[in-house]
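**Student:** Here is what each chain is made of, one letter per residue.
Protein chains: 2
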Amino acid sequence: MANLQSSDLDSVLKTKMPALGVDLGGTKISAAVVCDQQLATEPRLEPTPHGADKIVEAVLCLLSEFRKEHLIAGVGIATAGIVNVDTGEVVGSTGNLPGWEGTPIRTIIERRTMLPVHVENDANASAYGEFRAGGLRDKRCLVVITLGTGIGVGIVVDGRLYRGAHWAAGECGHIRISLDNKRLCTCGLFDCWEAYGAGRGLVATAEELVCGLTEDQSELAGKGKSLTTQAVTAAAARGDIMARRAMAIWHEHLCAGMVTLAHTLDPDCFVLTGGMEQFVDYALLSELMTDRTLPRIAEKLEIRRSVLGKDGGMIGAAQLVLDQITAGV
Amino acid sequence: MANLQSSDLDSVLKTKMPALGVDLGGTKISAAVVCDQQLATEPRLEPTPHGADKIVEAVLCLLSEFRKEHLIAGVGIATAGIVNVDTGEVVGSTGNLPGWEGTPIRTIIERRTMLPVHVENDANASAYGEFRAGGLRDKRCLVVITLGTGIGVGIVVDGRLYRGAHWAAGECGHIRISLDNKRLCTCGLFDCWEAYGAGRGLVATAEELVCGLTEDQSELAGKGKSLTTQAVTAAAARGDIMARRAMAIWHEHLCAGMVTLAHTLDPDCFVLTGGMEQFVDYALLSELMTDRTLPRIAEKLEIRRSVLGKDGGMIGAAQLVLDQITAGV
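Residue numbers (the working numbering), protein chains in the order written: chain A, 95 to 423; chain B, 95 to 423.
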């Protein structure tokens, strides 16, 4: 009987313990209390300050605010960049967060708060969030693709994030999908997947298509470098032929990288998330994937929409620290 | 004292137990006794007969021959095709072995011999062999690339083969490295890595290069469809300019797929094996990889030559069954 009560208590602890989830991006920091794989509060947003010290202070400040009204058992931080999860340090720089590389985030925040802290690459955190919240716990291999300005990938194998030999697994934005040396990626390499399949890839495709056209021929013509993702997707929605053509080619480019991941990892399921996900035509993407993947792999492959959307990073990071805490209960 | 002796015995059993390793290819079956990650006998070779029943009989016949002179504790079979390792059945067809798909190889051979049998995809078996024999047991992630007529990949993570959700992980010969829809692969898809980076890819590149040239300009000209890998590599060795150009482009194509695997899996080490491995210029390949991979991944990435060569499949398959037996000791 005593055992039964103790196991009930464990179960309550495991599902009801709250943690702070923080998503640290180049322009803003989002934070919310997370409990049982979902947000327990509205998220708070702060603009990302310049410099590592100020970023850490901003996170601590958000934490203090939430602690006034909530019990917080730990802090999970999803950040851009390559993260050494053992030390909780960003080891690979990200252009969006100058000075962030080399900051021992976990150590600093643990010392200042006396709470357990987990720091994770943002695409990995989102992947873990989708895995935990999306009813996907029976999956052997889940590949979560974050489509935004760039492309990030998180890989969950047998319930655990696969992080590679040097914490850099899933840097799939930089898989090479063409031999042409045609598009230069922001990383300095040519023909990276994200130079085609991410938001900026869509814009580059549209620029190529409307080059030399007049505004009578496409509303995207003559915009030069001021062309944006929003302009292309909005024009496509209004029926602009060239914008629709750009969207179709974007799906081909998206598919090219996914075909590669399908043949390498043979996942049960792809989950798409990120700001560009809303523009994905799932019927078209599935058709392209079936067409370009070995039948054995294609016929059992699911492609799903994210269940957490922009909250995936916060929820995943918080759930990672919660799962570590409860594994020790 | 009794414990010590028992553990000594365990250790002897674990390193000295022999198994039969069988490598089952489209043209020949090779088999040898394997002990402690190396061949304990000369391999025997048989031409691969037509039809699943005859293939199974040929394997049983080879086993009987070896059993006359050797104690055999188990049988490891490396075969072309996608293998369900739980059932020991080939579940994905291979054009080279008609009728092989759906054969419950493991069940048949276990029933006929009363020995434990492990059946594994050949690229996976080679990868496991390299992992066990190559001093690579401390590696977090090892990617073994078999370069032959096609390309096969085996992935070892934390000492275990990663086989995917439907046993098809590492079908990397079919990752897509170009957007051009230019080269049709034998699988029916366009622009698969092996249509460029395998032996037949090298030949296709050479054909493109010498198209329209005369025999005065290149010894490869005018050969049409009779051009072979051997002809290209031999001409390159003799200094033929176009053959050397084909070899240089082949390295670029090889690199394209490896860049993708590096950014996806972030391995410690690539190992190259297979019939085409002998033609790889490792200095050139390393230079290309450094040039086309994110520095964080490239700077710690090793590229090694196989230590087992053509024996990798036999040794890996046998070692897999031995490791299963000794795990149960």
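Heads up, a few of these hints could be off.
Given that identical chains are not distinguished, each listed pair holds provided it fits within a single copy or across any two copies.
Unchecked claim - With a straight-line Cα cutoff of 25 Å, these simulated DMTMM-like cross-link-like pairs (lysine to aspartate or glutamate) come out:
(1) Lys233 with Glu371
(2) Lys276 with Glu346
(3) Lys317 with Glu302
(4) Lys276 with Glu302
(5) Lys394 with Asp180
(6) Lys233 with Asp252
(7) Lys233 with Glu183
(8) Lys122 with Asp274
Since the hints were derived computationally from the structure, they do not count as laboratory data.
**Student:** Just pull the numbers of the violated hints for me, sorted ascending.
**Tutor:** Violated: hint 8 alone.
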